[in-house]
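*Asks:* Here is what each chain is made of, one letter per residue.
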Amino acid sequence: DSGVTQTPKHLITATGQRVTLRCSPRSGDLSVYWYQQSLDQGLQFLIQYYNGEERAKGNILERFSAQQFPDLHSELNLSSLELGDSALYFCASSPRDRAYNEQFFGPGTRLTVL
Amino acid sequence: KNEVEQSPQNLTAQEGEFITINCSYSVGISALHWLQQHPGGGIVSLFMLSSGKKKHGRLIATINIQEKHSSLHITASHPRDSAVYICAVSPGSGTYKYIFGTGTRLKVLA
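Here the protein sequences line up with chains A and B, keeping their order.
Residue 1405 is where the first sequence starts when you use my numbering, and the numbers rise one by one after that.
Residue 4 is where the second sequence starts when you use my numbering, and the numbers rise one by one after that.
Okay, chain B solo, but in the shape it has when bound:
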């Protein structure tokens, strides 16, 4: 079992839909990160969370430390949101690497 699990693996939505991507982890963490990888391959950091909720534009990220679970929400989805969304954790064990989920491939249709 992977230390970081994401669901769903693939998601197709119609423009305007509300989208939720889930991430569960099994290790102690100091932070959780949501990353976006566009079809060209580049990776962009969307959020870094250690508690609560963060919002940036149409994107909202939440984390529940007790349940070891995070969600990324996209409101009013748009075709330009089509990308792979990756959850990554910074373990709290003193190592500074990221541990990655397998990613969620999102396609938003016009």
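Only chain A is shown next, with the shape it has when bound in the complex:
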């Protein structure tokens, strides 16, 4: 158990819908990272937050957005869902905002868009 929690574990929805994925980092960790793992693309970095502020952006679509709240939990919002958004979404946390980081991964949310 990494100490990072993600809810829900599974999510099934329809195209065009909007969903929110939630992540609670390890106690004391200030950085949260979101990753997408699809069958054909492998793991891809989406976005990073540090202590409430956006720190880095990766291959995140405009239909997706995220935020980190004062209690440090983070939410990833996915809207106008398409079939291709079906994937495993992981969040990870680390103590600081440093290049030499070990990240601790949550169990993931499996999103299925029908």
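These aren't lab readings, by the way, just hints derived from the structure by calculation.
Any given hint might turn out to be false.
[To be verified] A partial selection of chain B residues facing chain A, derived with a Cβ cut-off under 10 angstroms:
#, residue
1, H36
2, Q40
3, S48
4, G60
5, I89
6, K100
7, F103
8, G104
All C-beta atoms in this analysis are idealised placements derived from N, C-alpha and C, irrespective of residue type, glycine included.
Chain A is already provided as a structure; the job is to place chain B on it using the hints.
*Replies:* Okay, now just chain B, sitting in the frame of chain A:
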């Protein structure tokens, strides 16, 4: 060409065999990570390396910074080692994201 390449993509071994998984990268890094992803999907960090060699139980990870290459070795492999092993790098450019390899799917047969 991906910035992080792994080989082999798939590997089947008999229980007890010595296994090597390779990772090559083309970017400057501050650290390299080996991750294990079990069939259920969960990801566990095995090693974080910036130089030399680390050992944990039957797992050994090495890195050669000059050659931009790392290896993960599993000694006396066991069916419970069956998983996807992913190499990831923390670029040294000031960004803190991981860049991932495509993973090596290992199956160890009893």
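*Asks:* Taking the hints in turn, state whether each one holds.
*Replies:* The hints, checked one at a time:
Against a cut-off of 10 angstroms between C-beta atoms, the interface hint on H36 of chain B holds, since the closest Cβ of chain A lies about 7 angstroms away. About 9 angstroms separates the beta-carbon of Q40 of chain B from the nearest beta-carbon of chain A, less than 10 angstroms, and the hint is met. For S48 of chain B, the interface hint holds, the least distance from its beta-carbon to any beta-carbon of chain A being 6 angstroms, beneath 10 angstroms. Nearest Cβ of chain A to the Cβ of G60 of chain B: about 18 angstroms, over the 10 angstroms cut. The hint is violated.
A least Cβ separation of about 7 angstroms between I89 of chain B and chain A falls short of the 10 angstroms threshold, and the interface hint therefore holds. Taking 10 angstroms as the C-beta cut-off, the interface hint given for K100 of chain B holds, the closest approach to chain A being about 4 angstroms. With 10 angstroms as the threshold, the beta carbon of F103 of chain B comes within range of chain A, its nearest partner Cβ sitting at about 4 angstroms, so the hint holds. For G104 of chain B, the suggested interface contact is upheld, since its CB lies about 8 angstroms from the closest CB of chain A, less than 10 angstroms.
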